[in-house]
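Using the sequences plus the hints, can you model the full thing?
Numbering follows the working numbering, in which position 133 of the sequence shown is assigned residue number 150; successive positions increment by one, without gaps.
These are computed hints drawn from the structure, not numbers from a lab.
One or more of the hints may lead you astray.
[Said to hold, decoys possible] Label pairs and their computed distance ranges (CB to CB): (1) I94 / P176: 30 to 38 angstroms; (2) H442 / N165: 23 to 31 angstroms; (3) Y440 / H133: 53 to 61 angstroms; (4) L219 / G441: 37 to 45 angstroms; (5) A227 / A451: 32 to 40 angstroms; (6) G441 / N165: 39 to 47 angstroms.
[To be verified] Capping the alpha-carbon separation at 27 angstroms, the derived lysine-lysine pairs in DSS-like fashion look like this: (7) K82 / K127; (8) K82 / K130; (9) K346 / K477; (10) K82 / K134; (11) K319 / K334; (12) K319 / K338; (13) K134 / K81; (14) K461 / K477; (15) K127 / K81; (16) K130 / K81; (17) K346 / K334.
The structure displayed is predicted, hence computed values, not measured ones.
The beta-carbon is built from N, C-alpha and C at its ideal position, and this holds for glycine as well.
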Amino acid sequence: MAGNRAKTDKKKAKSGKKFSAFLKKIGVTNPLLQVALPFVMAMVVVTIGSCAYYNTKNATYGIKKEVNVTYDTPLTIDLFVEEGEDPSDFSFVSDVSVIDMSQIASYQLKVAKGSHKMATVLNVIDDVAPYAEPVPQTLYSIELPDPNECITNLCDRSPVTVNYAEGTDISMGGSFLVSVVLTDAYMNQSVVEVPFEVTQDLVAPIILGAHDFEFPAGQIPDYLEGITVTDDVDPEPAIVVNDMEVDAMTPGTYELSYIASDAAGNEAMVTVTVTVTEGDGTPTSAQTNPNMPSGNQSGSNKYSNSTNADAYAAAQKVYNKIVNSSMTKVQKGMKIFYWVNRNISFTQYGIDYTSWASLCCQAFAQRRSSCYGHWACCKAMCDIAGISNRTVYRSGANKYHVWLLCYLNGGWYHCDATPWPGYGHYFIFMMTDAEIARAPGNHKFLSSGLPARSTVSVQKYVNINSGTVSSSMPVDDTPDPEEVAAASNSAAAAASASAAAASASAAAESSAAESSSAAASSSAASSSQAAPSSQAAPSSQAAPSPAAPSSEEAPPSPAAESPAAPPSTAPEEPTDPETQE
Numbered sequence: 018m019a020g021n022r023a024k025t026d027k028k029k030a031k032s033g034k035k036f037s038a039f040l041k042k043i044g045v046t047n048p049l050l051q052v053a054l055p056f057v058m059a060m061v062v063v064t065i066g067s068c069a070y071y072n073t074k075n076a077t078y079g080i081k082k083e084v085n086v087t088y089d090t091p092l093t094i095d096l097f098v099e100e101g102e103d104p105s106d107f108s109f110v111s112d113v114s115v116i117d118m119s120q121i122a123s124y125q126l127k128v129a130k131g132s133h134k135m136a137t138v139l140n141v142i143d144d145v146a147p148y149a150e151p152v153p154q155t156l157y158s159i160e161l162p163d164p165n166e167c168i169t170n171l172c173d174r175s176p177v178t179v180n181y182a183e184g185t186d187i188s189m190g191g192s193f194l195v196s197v198v199l200t201d202a203y204m205n206q207s208v209v210e211v212p213f214e215v216t217q218d219l220v221a222p223i224i225l226g227a228h229d230f231e232f233p234a235g236q237i238p239d240y241l242e243g244i245t246v247t248d249d250v251d252p253e254p255a256i257v258v259n260d261m262e263v264d265a266m267t268p269g270t271y272e273l274s275y276i277a278s279d280a281a282g283n284e285a286m287v288t289v290t291v292t293v294t295e296g297d298g299t300p301t302s303a304q305t306n307p308n309m310p311s312g313n314q315s316g317s318n319k320y321s322n323s324t325n326a327d328a329y330a331a332a333q334k335v336y337n338k339i340v341n342s343s344m345t346k347v348q349k350g351m352k353i354f355y356w357v358n359r360n361i362s363f364t365q366y367g368i369d370y371t372s373w374a375s376l377c378c379q380a381f382a383q384r385r386s387s388c389y390g391h392w393a394c395c396k397a398m399c400d401i402a403g404i405s406n407r408t409v410y411r412s413g414a415n416k417y418h419v420w421l422l423c424y425l426n427g428g429w430y431h432c433d434a435t436p437w438p439g440y441g442h443y444f445i446f447m448m449t450d451a452e453i454a455r456a457p458g459n460h461k462f463l464s465s466g467l468p469a470r471s472t473v474s475v476q477k478y479v480n481i482n483s484g485t486v487s488s489s490m491p492v493d494d495t496p497d498p499e500e501v502a503a504a505s506n507s508a509a510a511a512a513s514a515s516a517a518a519a520s521a522s523a524a525a526e527s528s529a530a531e532s533s534s535a536a537a538s539s540s541a542a543s544s545s546q547a548a549p550s551s552q553a554a555p556s557s558q559a560a561p562s563p564a565a566p567s568s569e570e571a572p573p574s575p576a577a578e579s580p581a582a583p584p585s586t587a588p589e590e591p592t593d594p595e596t597q598e
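Have a look at this one:
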């Protein structure tokens with residue numbers, strides 16, 4: 018071992034002397050350079066070798082590492098070959114028959130050039146902009162319609178959002194093109210130029226022929242008979258009959274409103290009085306109402322003669338199970354709309370539209386109805402809860418829809434329990450005008466006769482999925498101004514009636530006193546003329562002293578003249594919520 022090591026050391030020394038001699042021969046005489054140069058040369062050799070190995074390992078051999086291809090493009094080998102290469106030198110290693118070029122997806126596969134194989138990625142992408150055709154618009158207002166109404170024949174492989182171009186303004190009216198922007202899920206965009214013809218219309222329609230009604234209970238007339246609507250621009254203005262406060266089965270006096278609207282959104286309202294007199298309560302005709310399906314479509318009269326009292330009785334049974342006295346009005350309202358949305362399914366068939374009471378009773382009993390049944394059930398329970406509410410009608414649409422405006426937490430908010438197809442158990446609770454305009458379904462509405470709506474959003478405090486209201490929701494106990502005014506008017510009327518009664522009572526007492534005095538004087542005079550002189554008359558025949566007349570002689574009091582109050586024929590309904598808070 019030692020001998021071999023010695024021989025090796027001698028060889029290294031000899032080689033070192035030869036290398037030093039070589040360096041001197043080429044002019045390198047500095048001892049430091051003679052020591053360092055071998056190390057430098059070794060590093061150069063290593064570096065060159067590493068680069069050669071790296072280039073060999075990462076060589077593409079003319080094959081692209083990743084390819085993006087538009088859907089429906091035929092899959093061929095040339096898609097994966099670098100420019101300048103001959104595609105015939107390349108082939109697929111992977112089975113490409115499983116690749117569907119019509120679907121947006123990514124695939125990993127191998128391509129070969131001769132004996133060299135390389136992995137690559139194929140991305141089937143959507144880089145095609147959406148396509149649609151314009152639908153010319155003729156408008157009578159400066160309010161932009163839904164942009165989706167401005168296009169047709171929309172075509173794209175992914176969902177498309179439709180919006181107006183930023184800065185779109187039609188307030189000046191006239192004829193021009195409006196840009197509608199189509200954007201698909203992969204951010205491909207196109208613009209459709211839609212012709213607009215905008216005529217400003219600021220004049221409301223005119224309602225002609227409105228008059229009061231009087232009919233026996235159950236004999237429901239056609240409220241539109243003799244009614245016409247005209248407009249200076251819109252050739253076909255719409256009219257809505259709001260008869261929701263009329264109980265056509267129960268004698269009483271009610272208000273009915275006609276609301277007309279034109280294409281520009283101008284509205285006019287006329288209110289008439291409906292007097293329901295005594296009758297057998299059997300419905301013999303159905304009202305023709307353009308804002309709701311007409312008559313009884315159920316094929317049965319089981320609910321047609323339902324009264325308001327029947328509706329409230331049905332509502333009370335459910336109400337007692339879902340709310341308690343410790344709840345706030347907001348919490349009660351949430352429970353009401355949540356229950357109706359979850360328990361009454363939507364259908365358009367077999368509905369009894371005779372009255373709101375028939376709608377309510379049928380919906381509670383059968384657990385199904387149209388939007389009118391959802392509205393009626395919510396209205397009945399809101400009335401019981403003391404939640405002031407108004408009926409809201411959809412405007413400017415061929416299909417009917419109705420919902421409630423409720424006074425909650427110091428303001429009027431939109432509430433709609435109707436379940437929308439495709440949205441599960443979604444419903445609307447306490448939305449502002451701006452919020453309901455963005456909600457699913459068409460909620461453009463007639464505002465005539467409605468109070469001003471709140472602009473304060475509370476959506477972050479309400480959970481329609483669980484039917485709950487956050488405890489952090491700020492509480493606004495501001496009473497309904499209309500309730501306050503009604504209470505004030507009621508108090509004033511009561512005070513006036515009390516004063517009138519007191520005045521009448523005082524007048525009656527004064528009249529009675531005068532009559533008593535006159536009767537006494539007359540009696541005394543008669544006695545003095547008929548009786549003999551005091552000396553001849555026995556003491557037992559002396560004239561009686563003036564005394565108050567007997568009850569038979571005294572004039573009757575006003576109370577004695579009034580007949581007993583007849584038994585009320587009105588249903589025993591809960592206290593009107595608009596007169597309490």
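Hint-by-hint comparison with the structure:
Between I94 and P176 the CB atoms are about 34 angstroms apart, so this pair conforms to the stated range of 30 to 38 angstroms. With their beta carbons about 25 angstroms apart, H442 and N165 fall inside the hinted range of 23 to 31 angstroms. Look at Y440 against H133: about 56 angstroms separates their beta carbons, and that is inside 53 to 61 angstroms. At roughly 42 angstroms, the beta-carbon separation of L219 and G441 lies within the given 37 to 45 angstroms, and the hint holds.
In this structure the hint that A227 and A451 lie 32 to 40 angstroms apart at CB holds, the actual value being about 33 angstroms. As the Cβ distance of G441 to N165 is approximately 22 angstroms, the hint placing it in 39 to 47 angstroms is violated. Proposed proximity of K82 and K127 is supported: the alpha carbons are some 10 angstroms apart, at most 27 angstroms. Taking the CA atoms of K82 and K130, the gap is about 14 angstroms. The hint holds against a cut of 27 angstroms.
Of the pairs offered as hints, the one joining K346 and K477 holds, with about 18 angstroms between alpha carbons and a cut-off of 27 angstroms not exceeded. Taken as a hint, the K82 and K134 pair is honoured in the structure, with Cα atoms around 12 angstroms apart against an allowance of 27 angstroms. Distance hint between K319 and K334 is fulfilled; the C-alpha atoms sit about 19 angstroms from each other, no more than 27 angstroms. Annotation: proposed proximity of K319 to K338 holds, straight-line Cα distance about 25 angstroms (limit 27 angstroms).
Proximity of K134 to K81 is assessed by CA-CA distance (about 12 angstroms); at most 27 angstroms being required, the pair is judged to hold. Among the hinted pairs, K461 with K477 is consistent with the structure: their alpha-carbon atoms are about 23 angstroms apart, no more than 27 angstroms. Of the pairs offered as hints, the one joining K127 and K81 holds, with about 11 angstroms between alpha carbons and a cut-off of 27 angstroms not exceeded. Using a Cα cut-off of 27 angstroms, the hinted pair K130 and K81 holds, with the two alpha carbons roughly 12 angstroms apart.
With a C-alpha separation of about 18 angstroms, the suggested pair K346 and K334 falls inside the 27 angstroms cut-off, and the hint holds.
The structure fails to meet hint 6 from the earlier list, while all remaining hints are met.
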